[in-house]
Amino acid sequence: MNKILIKAGYRQGMRKGKVLGMKCPKCGGLMTYETFTNQENLAWHYDGWRCLYCGDVVDEVILANQKKEVVVKPSKNKDKAVKFKRHLKAA
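The opening position of the sequence shown corresponds to residue 195 in our numbering, with each subsequent residue numbered one higher.
A portion of the hints provided could be inaccurate.
Said to hold, decoys possible - Have a look at the derived ranges for each label pair, beta carbon to beta carbon:
(1) L236 - K267: 35 to 45 Å
(2) I256 - L224: 10 to 20 Å
(3) T231 - A258: 17 to 27 Å
(4) P219 - P268: 27 to 37 Å
(5) T229 - A258: 14 to 24 Å
(6) D253 - G222: 14 to 24 Å
(7) L246 - V266: 32 to 42 Å
(8) F230 - K261: 15 to 25 Å
What the hints contain is simulated information worked out from the structure, not anything from laboratory work. Note that beta-carbon positions come from the ideal geometry of N, C-alpha and C, so glycine has one too.
All chains should be modelled from the sequences, with the hints used to inform the complete structure.
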């Protein structure tokens with residue numbers, strides 16, 4: 195497992211000229227702006243927000259993916275689609 199180095203700061207971040215709030219969208223807790231880095235080989239790093247209470251992480255990629263519209267293609271086999279719907283209802 196990769197070790198992750200986290201540089202934390204208690205500052206408000208800017209995204210496209212707008213100040214991001216420091217309230218977690220998942221639990222309502224305090225968010226901190228951080229830089230996440232792979233410590234072993236420095237192959238990657240990214241900036242994002244991490245909740246101090248629940249640990250939820252939000253960054254530019256996550257925000258962009260959440261805005262994308264999900265397109266579900268109709269199933270050619272209706273029996274499988276019905277079973278899947280039943281499975282979802284049971285959960």
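Quick rundown of the hints versus the structure:
1. L236 - K267: 35 to 45 Å: Since the Cβ atoms of L236 and K267 sit about 40 Å apart, the hinted range of 35 to 45 Å holds.
2. I256 - L224: 10 to 20 Å: holds, 18 Å
3. T231 - A258: 17 to 27 Å: holds, 21 Å
4. P219 - P268: 27 to 37 Å: At 32 Å between Cβs, range holds.
5. T229 - A258: 14 to 24 Å: Roughly 19 Å apart at Cβ, these two residues keep to the hinted range, so it holds.
6. D253 - G222: 14 to 24 Å: holds, 19 Å
7. L246 - V266: 32 to 42 Å: holds, 36 Å
8. F230 - K261: 15 to 25 Å: holds, 21 Å
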